[in-house]
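Trainee: Spelled out, the chains give:
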Amino acid sequence: MKITTYKFVVLLSAMLLFNSSCDDNFAEINTNPVVATSIAPGFQFTYTQLFTSGTRYENWRAALIYSSTMTQHIASLCGYWSGDKYSYNGAFSSSLFDRAYTGQVKEVQDLINTLEKGEEGDQTMLGMARIWRVVIFHRLTDLYGDIPYFEAGKGAITGIDFPKYDTQQSIYADMLNELEQGVGQLSTGGFGSADLLYGGDVDKWKKFGNSLMLRLAMRLTEVDASMAQTYVTKAIAGGIMTDNSDDAFIEHVSGPSSGPAGLNSNGLGEVLDQANGFGEGCPRLSATFVNGLMANSDPRMDIIGTPGSGGHNGLPNGLDATTILENSTGTTLAEFDQINQMLVTVSSPMMFMTSAEAQLLAAEAAMRGWASGDAASYYNQGVTNGMGQYKIFDASLDVDPAAVKAYLETNPFSMATGMAQIGWEYWVATFLNEYETFANLRRSGYPELTPINYTGNVTNGQIPKRLAYPSNEAGRESFEAAKTAQGLSDDFSTYLSAPVWWDN
Amino acid sequence: MKSKNIIILSLLFLTSLVYGQQVVSGFITTSAGDPLIGVNVLEQGTSNGTITDLDGSFSLTINEGTTLIISYTGYETQEVTVGNQSSFDIILVEGSYLDEVVVTALNIGRKKRALAYSVGELDGSSVATAKEVNIGNALAGKIAGVNVSKPASGAGGSSRIVIRGNGNISGNNQPLIVVDGVPISNSNLGSAGMWGGQDFGDGLSSVNSDDVESMTVLKGNTAGALYGYRADNGVILITTKKGNARQGVGVEFNSSFLAESFVNNTNFQQEYGHGAKGVKPSTLLEAQQNGLSGWGSRLDGSSAMQFDGVARPYSYAGNNLGRFYRTGNTFTNSLALSGGGENHNFRFSFTNLDNKGILPNSGLDRKTFSTNTSSKFGKLTASLSGSYVVEGVKNRPGLSDSPGNANWTVASLPPSINVNDLIGDSNKPGALPNGTELLPGSNAFVNNPWWAAHQFETNSGKNRIFGNASLSFAVTEDLTVSSRVTIDQFTESRRRLTPYGTGYSPKGQLGEFNRNVQEVNLEATIGYIKDISSAFGINLLVGGNQQKNNSNVLGINGSNLNIPFLHTLGNLANQNLNHSVSKSQVNSVFGQAEFSLNSALYLTVTGRQDWFSTLTDPNGAESVNSIFYPSVGLAYDLANGLELPSIFDFAKLRATWAQVGGATDPYQLGLQYGIFAQGHLGQPLGRINGSTIPPLTLRPSTNTELEIGADFRMLKGRIRADIAYYSRETTDGILDGSVSQTSGYASKKVNVGKITNKGVELFVEFTPILQSNFTWNIGFNFAQNNNKVVSLLTPEDDGETFRLQESRTRVAYVELVEGQPYSQVQGFSYERDASGNIVLDENGLPVQGALAAFGTGVHPTTLGINNSFKFGDVNFSFLIDMKKGGVIYNATSAYSYRNGLHLATLEGRETGLGVVAAEDISTYYNRIGGSIGEEFIQNADFVKLREVVLGYNLPNDLIQDLPFESATISFAARNLLTISKNTDNIDPESTYTTGNGQGLELFGVPVTRSYGLNLKLKF
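Note that the protein sequences, when read in sequence, are chains G and C. Each residue of the first sequence is one higher than the one before, starting from 1 at the first, in my numbering. Each residue of the second sequence is one higher than the one before, starting from 1 at the first, in my numbering.
Just so you know, not all the hints are guaranteed correct.
[To be verified] To be clear about the criterion: a stretch of chain G counts as covered by chain C if any three or more of its residues have a C-beta under 8 angstroms from a C-beta of chain C, and this derived list gives those stretches: (1) 93 to 102; (2) 106 to 114; (3) 155 to 161; (4) 409 to 417.
The set of hints was computed from the structure by calculation and includes no laboratory data. For glycine and all other residues, C-beta sits at the position ideal for the given N, C-alpha and C.
For reference, chain C alone in the conformation it holds in the complex:
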C-alpha cells in the first residue's frame, strides 16, 4: 500500500505546475523508521496545513518558496525550507518542543514559544471516546483553569464553562466559542429559575465531538485580545477534522453506545408513613389534604387510605426513584469520508446521535452533516467548511419548582406510597379514566409525575448551520491578504403544552414559537512576515471585522382549550401573540505585531478598536460607543538564550498585559411602551415595556489582566509543565442593578462594579514509564482562582449585594456580596443567643435569624488527574476530577424536612422535642425546612472518578483479512464513582441552571453514570 501511494503521489506532483503554487509530499517517521500518524504539517504563517496519514505520508499544496512547519506532540518541531524539492523524508526527533505550533486567535497558527500567554490544548479523541451529549461537559477536569459545571437538567441541557473565574456581575461569563474561525452563539436558550422551567440547551450542544480534531483554550485577555470585546471571558477554539492527501477515499466509522443509569443519592426515612400529626389518613379527604406529607404514624402494615380512595397496606413502599427512572442510553454513529490530492482536499461526515433520557418519555436526537474542503488555484487558496445540525429534543425535564416537574413528586412521595399506584390509566400514564390528571393530593400544583412526564410536552427543534468561506491570496512571499465570511444561523421551534385536564390548569395551556438567530462576520486581514536579519524577525497583521447580529421571535401562547384534549393553537380560547426583534452591529479594526530576536525573545503587541451599535443613542444624543483594547506580551526562552542544565529542553518565561471588555444588548437606552391592540372591551391597552430603569448613557465595560508564567520541558519531554499566575480586574460592568420594586421597576441599567480574579494554574505532565510496549503518563492540572467582588453599585465596599438567583423556598439566594467571592449562597440563619445556642420561640420552634452568606457556589479550587497506560495494543486511562471550596443550597433536603422524609425528622416523633408535642413535631421541621436556609447550605466539594477508558487496537494480523485499515474497540465510562462528597440526598453537582447564579439545587434530574462501548473502524 505504501509503495502504491508513493507512485501515485509522485505522479501527481509531476503534473502539478500551477504558477506560484506547488505540491509537496513526504513521509514522516521516527528515528527508528516507524511512520508517525497525525503529524501536523503547516505552511508557515498561514492556517494552511494537513496531517500525516496512517502510513506517515502527507501531501500539501503550498505557495512557492515557503517553509513547512512539522510538529507533533512529543517530538521536536522541524522547519523545512521547501525550495525546489517537492518530496521529503522527514525524521522527527523525540523530546523537544521548540517549535510546536498552536492555533491562536483568528485561527492564526503561531509558534508556542512566541506566545506570552498560557493556552490549554486538548486532542479531539479526549472528548470523543467517553462522550457527553453536550461537548462542553466533556471538558470537565481536563484543562487547568477551565471550570466546567454540568447542570442537573438532562441530556439536552447546557454546560457552564468559566475560565479564570467570573468577572461579569451580569450577562455572560462564558467563553467565546469559535469553530474553524466561525464565532458561534453559545447563548443559553432558556433555563429554570425559582418558579421552575426547563434547560433549553446552549450553542455548544451543536458541536459534534466526532468531528473535532483539537481544541485550544485561550484563557487570558492577551490570548484573546484580537477578539476585542468578545474575549472578555476567554475563547475556546475548536478545529474540526480535515481531509488530507491519500490514495482513494478514506472511510472512518465510529459507533458508540453508552447506557446511562441514575445514581440514587437519597437516603430517606422508611419508618413513618403518609399522614399528618402522627396519624395515618383514614378518609379520602384526609389522604388528599395530607398531600406529600410524611408525618403519619409508624408504618405497621395496617391499612391506610390513599389519594385515589383505595386503602393500601401502611408499610414501606420501596424505592420510588428506581421504579420511575429508566435506564437511558446514547447511541452515536458517525461516518466520515475524506481524501485529497495536490490542490484539493475534503472531508465529509455524517453523525447520528440518538439519546433516550432516564426520565420516561424524554430524549434527544441530533444529526450533523459536516464538510471541510480546501482548494488552491495558484496563489489563491479557497476553503469552505461548515456544519448543518438538526436537533430534536423531546420533553426537556421540568426542574426546580413543582408544576410540570416530575422529579419533584417522585422524590417527595411519602414512604408508604408507591409511585406505580399513580400510573392510573396505563394507556395514558398519570390519568384518571376520564382522561384528566390523577392528582397525588389536593394541592393541584403538585403534579402526578407520570402525568408530568407523559402528558406535558416541552419539545424543541433546532436547525442550525454554521460555517465559513475564506480566500487567501499570497501577494508576495511575505505578504498575504485574506478574507473570510462566517455565518452562524439557527431556527429554533418550541412547543410547551400543559395538557387539558391538568390539575392546576384544568383547561390547559399551550405555547409555540419560532426563533431565528443569525450572526454574520465579514473579516479581512493582511499579514506580513519577514526575517529582517538572521536574528530579527517581524510578523505583522492588520485587519477589520464587521459583525452583524439579527434575531426575531414570533410565537403564540394561550390558555383554555375549547375542545377537550385537542392540543392545538387554534383550539385555544385565549391567545397571546409575542413578537420581538433584535438587531446589532459591531465594527472593528485590529492589528498584531510580533518581533523576534534570536528565536528566543518574542515581543507581541496587539490593538483592537470596537464600535458598538448597542451603545449608540437611538435619538442621536452623545454616547460613548467605542473603545480601544490593547495588549502587550513578552516571551523569553531561557534554554535558547542562556546556558541551562541540559535536562531542560525548553524553559520559557513570559509576561503579558491586556485590556478587553464588553458591551450590552440592543435597545437598552430609553423608555419604551408596548401596546396590546386586542385590548379590553374594545379599548387598547398600553404600558411601559420592561422592568428596567433605562440609563442616560452607557459605556463599554473593561477587563484588565496581567499574566506571568513559565513553560518548561525537561528530560526530553518526560516532564512538561506550565505554570501561570494571573490577576484580572473587571470594571464598569453593564448590569441591571437591582432596585427596590417600590421604584416601579425591578432593576436599573448601570455601569458599575469591580470584580477581581487572581489565581494560579498549574499543568504538569509526567511520563514515569516510556517503553516500546508500555508507557504510563500522568497528567495533572490544578487551578486556584480567588475571586472577589470588590464593589457593586457604588464604588465603596459598603456591604451592597446583587441578587442573581432565588430559591423556590425563598429562604436562600445566590447573591454577589461586596468583599466576598462571586455567587455567594445566602440563607436565613438560625437566630442564636450570645453563647451561640439556637433561639427557640415560645412554641419551641427555631427562630429565623438574619440573612447571611455561607460561601460561594463556584468552587475556587479545581484539580484533574489523568493516568493513562499503554500496554502494546491496549490502552487504559482514568480521570479523577476534584473540586473544592464551594457550597450548595440543598433544597431537596429542605423539602424533605418539610415533608418528613429526611432521616433527621425521625427525632421527636414519639416523644416530642422540648415543648413541641410529638403530634406537632412537623411544625418544628417545617420551621427549619421553610425558614432556615443555613441548615441546608452544604459543602459541595467532591472527588469523582470522572472518566474511564479501556481501549484495544485490533492488531494487524487479526484484521489483515478484514477490509479495515485499523479497528479500535473501547470500553468507556463517565461518572462511575463519587469518591467523596458532603451533601446529603443529592449529588454536589446538582445546580439546575447554567446561569451566573450557581449554588441552588431543587429537584433536578438525578445525576447519572454512563458506560458502554466505542468502536472505531477505518477503511
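Excised from the complex, chain G in its bound form:
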C-alpha cells in the first residue's frame, strides 16, 4: 500500500514535470467545434438581403420615427417621435448607420471577397452581390452624406479598422459604375432560391439593376446633369421595371424579435403590427397625406388608411398632447386615421423598389429630354403600377382598373405641372419605403410640404435635410476632415439642417 502510493505520487509528478511536449493537442483544443470556418455564398447572400430589409431597431428609429414624419406620411403626438418635431435624438438619428455597417456592409463585402476569389460561386452571383452592395450604400449616403465607402466593411479582409470617409460625389460615381458592371455580369447561374428578391431570376435582376441605376442617376439632376443623363440613358436602354411583377420586395414571416432570426419579421411590422408586434400606438397618418389623397379622390385612400372615428382624417404634424386640444380637426387620437394594419404586419413584404417608381422616374427623364418616349405614358404606367403594388400585401388590396382609369382622367398629366404630379405620385408610391421618400423629396422638392415649427426644434423650422452620424465617429481624423469638407460643426444636432452633396 505504501509502495503503491509512493509510486503513484512519483509517477504523477514525473508525468507533469517531464512531459516532453507541453502543448500537445493545443491546436485541436483551440478549434471551436460548434462553428464553421467557411460558408456557402448563398447562405450569406440570403442573410445579407434579409438584414438589409432590416430589424426593428433602425426601422423604428431611422425609417419611422424620423423619415416617415419628416416626409409627412406620418404624424405623432409622442415626444420621442423626433422627426415629427425636427428635434435631435442621436441614437435614433444614427440607427441605420449603426446597423448597416456591422450587419449589411460587413457581410456583403465578405461575400464579394469570397466570390472574387473565384473558388466558390459564379459571375452572376458576383453581379447580384455588387448590385446589392449599391442597395445598401445608396441608402446610407443619401441619409448621412459623405460616408466610408471604398474601404468600409473590410476589417477582416484588408485589416482596415478606420476606413476613410469618401465624398458622396465619388461614391455615386462608383455606385453607378458598379451597377453597370454588376448588371453586365448577370448571365447564367446565380443564387437561385437563396435570392429572396426574385428567386434567382436573372432577367428580373437586370431590370432591378437598371432601375436602381435610373434612381441613382436621377439623384444627380441638380449637381451633375451630364452624368445623370448618361446613366439614365444606359438604364432605360438596358431595360427598367415595367409592371408590378418586377417590383423588388422581400417577403417576411413572423419570427422572434431578437437574435439573427429576428430578421424573419418585417421590421416595420414589428413596430406597428398591433396583433403580433410591439403595437406602437403613437403614429397616425399625417394630415398632409390624407388631405392629399382625399383631394384627388385617390382610390388608394382606403388601402392606406383605416378611417378615424369620424371618417378619413389625418393628424397634423408638429402637435403634442397639449396643443392638440386646440386643434380644429380633432382633439383626440381616436379621430385620426391609422395606417391600414394589412400593410404593416410582421409578415408584410418589405419594398425596396417598385415599377411605379421606375416609370415615374422615366417620366421625369422624358420631361427633361433624357429619355425617348412620352412622359405622360410613363406617368400613367407609373400611377397604374402604384395603384397595383399593394396586392402583394393582401389580394384584397387591389384597385379596380376602372378606378385607376377614373383617377387618371380626373388627374391628367400635364407638362406644365408634370414635375409636381410626378413628385406627388412618387411620394405616395414610396410610402413605407421611407428612406427613398425622404431622398426623393429632398432632391425633387415635391410635394411642397409646409414645415412645422415646434419649440426646441433644431432646424429653425425647416424640414431636415439629413440625419446625423453616430457621435462615436467623432474625433477620428478622417471623420473630422469629412466634417470640415461638408461644412459641418461640432454640434451634431445642426447636421439635420445641412444638405447632402446632391441636394446642394
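Since chain G is already given, all that's left is putting chain C on it; use the hints.
Mentor: Quick look at chain C alone, frame taken from chain G:
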C-alpha cells in the same frame, strides 16, 4: 474537562505507533498560565497543521523528527524540535513576531520574515460578524491596497476587488481566488450595461464567511509568481476552518440576523407637479403623453388627471421610495461539527443563508455544505476538502436602462403621483383588470415598477462544487512529494421573463438557459528543505500543473407567447436556440528556491513557464503560445542581523522584482461563420460570427513589478507597521481595441498598450492601551495608487482612447485615455467662450461642447481606520472607510433634470431664464440633462462608518449551568452612516456594474444600511 482531555490524549499517543509518523500533543499557554486558543501549530515546510482548542490543547500527526512551528498573533513564534518527545507544554512569549508563518502561493506555509513581498492578512471573524452576502464586499476598507467596490445591484450581486490598481486594458483586473488550494472561478456571470440588465453575481458569492478561518492577500507579482499568468492581478488565498484534536465532537452554532433598510439619498423638488409646459394634465391623453414629466404647474391641491384616467389632488404625494422599498433582511444559520484524533481530523458544516431584498419580491437563499478532512497513513497524508453550494436568486433587480428596472420609475415619478396608485390589481401588482401592465405613461418602455418587480422574472440557480483531494508523501526527512487534484464546477440555470401583457412587449418574451463551467487542475510538487549548515539553509520546490477549463451553454429564448399568461418555452411562437462551448488548457512547470543566511537574510527566486492552448493557432500556423515568468526577492531582518535599539522587535527590509502575465479566451484566432438552419422561407442563413476583427497572431501579455518595503514591530508588538512601494507596468495587453464600426466590426483583437501603477501601501497597527481588562487597538491602512494609461493602440501617447462603458444618456462614457488614470469618466462639456462663460444658442439653451475627461472612476486613495476595544467580556469595534480622488457620472440627477425633479429645476419656472420663456423652461433643463455630461460628473469621495460590532462573551459563571462551552452575542451593523459625500441624490458608491468601466450610475438598487444580531454558541 481539561484533565480528562489529558488522559484521553495521552492514551491516544501511546497507541499510535505507525511507522514514520507520530502524534504529538500539548498545551499552549501564556507566561501567566492562561490557555491560548487558536494558536497555529504547523509542521515545518508543509501545510499540515492545526490550531489549539478552547483549553489550549492541540494534537497533530506529523512525520518523525520534524519541527513544529507554533505561531500566534501577538506572540513570539516558537520552533519546537519534536525528537522522541510526544507531549509538550509550551509557553508563548508575547510581543515578538520573528517566526510567524503565513500561507503563501500554492498554499505553502512560509516564515513571514523570509518573504520579500507584502501580504495582507485577515482573520475569518472579521468577515463573519458584520456579514455581507458576497464575502468580497466585506473586505472593504480592511486591507491596504485592496480596493473593494460594491455595486448598486442588490444582495445577489457581485463585488469588484482590485489590488494595486487596474493593469489590464481589457479583460480581468480582479485577483485570483484560491480556496484551500483550489482556484475558483470568480467571473462575473453577467452585469448591466447601458441598455440595462442585471448583476448575475460572481464566484466569490459562493464562499461562505462562516467557514473562513483566514484570508491572505498576495498583492504583488512576486507573491503570486508561482501562479504564473493567473497572478496578474494578485491572489486572495482563503483558508477554511479545520477540525482539530479534541475530546468528542465540537459543535459550533452561529446565527445572524441583519435587517436592511434603504438609504434615501434623493432630495427632489416638491413644489411642481406632473405635466408639461407649466400646465397640469387635464385629459387622459395629456396625462399619458406627459409620462414622467414633472414640468406641470405649481402644486395647488386642485384636481389633475393621472395616467389611469382618475383625477386626483394635485399636491405632493409624499415619499415614493419609502413606500416602494421594504425592509430587507439576511438570516444566516450555520452549524459546524469538528473533531480529530491522532491520525484523522475533520470538520463538517452546514450553513443556510436566507435573504429578503429591499426590492419587493426579490431575495436569495444559499445553502453551503462544507467538509475538511485529513488523515495520515504512515508517511502519507491524505486530505480532502470541499464545499457544495446551492444558491437560488429570485428576481435580480433591473439596473441602468428602463425596461424591467423598477428603480427607474420609482425614482422618477413626478411629485404629484403616488406610486401606490400604480399597484392596480392588488392580486397582481402593476396590472390592469385584464391582466396586462398598467402603464405610468404612453412610453411603453417606462415600466410600472410594481409590474417590473412582481411580474418580471429574473431568476437564477447555481449548484456549485469545489474542492481538492491531495496526497503528500514524506520520502525522507528533507524530501516531500505532493500532488493535488482540484475541481471547481458549477451549473447555472437562468430564467428571464418579460411577461405577457408588458407594455413594450405585449406578447412577452422568455429565455432560459443552462451553463456548465468546469475547471480541473492537476498539480504535483517536490519539496526539499535542508539546513546545509547552522547558518545556511535551502528550501526548494519544483512542480507542474495542468489546468483544463470547459464550459458550455445551452438555452432557448424567444418571443410572442401564444396562450396569454402561460409563461413556458413551449408556448413561444418564435424560438431561438443558443449553444456554445469553450475549452482551453494551460500546462505549466514551476520552481522556487529559498536560500537563508543566519536566519536574517533570505533570497528567493522563482520561475514558471506557461503554455496556452488559447494562443495556439488552430490551423497549426506558427504562434507564440508560451512564456516564462521569473521572480527574485531579497529580505533582510535588521534586528536580527544588526544591532538595533531594543525598541525594535523586528525590522525587515525587502526588495523584489517579478514578471507575470496573461492570456486570452479560446477561439480568438480566425474568422468564423455561424449558420442558422431554421433560416428564412426555407433558406438557411449564414453570417460572420462575432464583431471582432481576428488577429494574425497574439502573444501573452506581460506585467512587471518592482516592490520595496519594510516591516517593523516595535515595543513588544504594540506598534506593527508595514510599508510597501511598488511600481508595476503592464504591457502587450490583449484586448478588443475599438475600431470604427464602418470597418464592419466593433473591435479588433490586438496586443497593445502600456499601463503603469505606482503606489504606496501603509499598514500600521497600534495598541495604545494593553491591560488585562481593557485593550484598545487601532488599525490603520492606507494606500495611494497612481495609475497611468501610458499608451493604447499605438506605442505613442497621442491621445488615443478606449471605451469601456457608455451611459444610457449617451453623453457620458468611461474610457481609457492616454496620459490619464484608468477609467476616465468622460462627458460632453458645456461650450464656453474665451472668458469661460457657458455659451447659449439663439434659443437660450446651453450648447454642447467637446467630449472631455473629468477624472477617474477608480479612487486612487483609500483609507481604513479600525478601532477596537475590549473591556473584559465586552468588545467594541468600528471601521471608518474612506476613498478619495474618484468621480461618478450621476445619471439619476441627469434624468431628474430632464423630468423636472431636481431641485435646480425650480429656477425659471415662473419667470423663465434669459430668452427661455417660463413655459419652455423644460427645454433648458432637458438640454443640460440630455446633452451635457459635465454637469453631472461629480466628486465621488466619501467617508463612511462602514462597520460597527459590539460583542459580549457570556461569562463562565453565567453559562456554567448551560450546555455551552462559550457563548457570544454581538450587535453588528454595516454602512450605518455616511459621514461625508459630495454627490446629490445618489450614494457615491452607486456604480451599477463590477466591470472595468467604473464610474457610471443609473437607477441601481439604493444603498442600504444593515444592522442586527449575531449569536455564536460552542458546545
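Trainee: Does each hint hold? Answer for all of them.
Mentor: Hint-by-hint comparison with the structure:
no., hint, verdict
1, 93 to 102, "holds (count 4)"
2, 106 to 114, "holds (count 4)"
3, 155 to 161, "holds (count 5)"
4, 409 to 417, "violated (count 0)"
Comparing the model with each earlier hint shows a violation of hint 4 alone; every other hint is respected.
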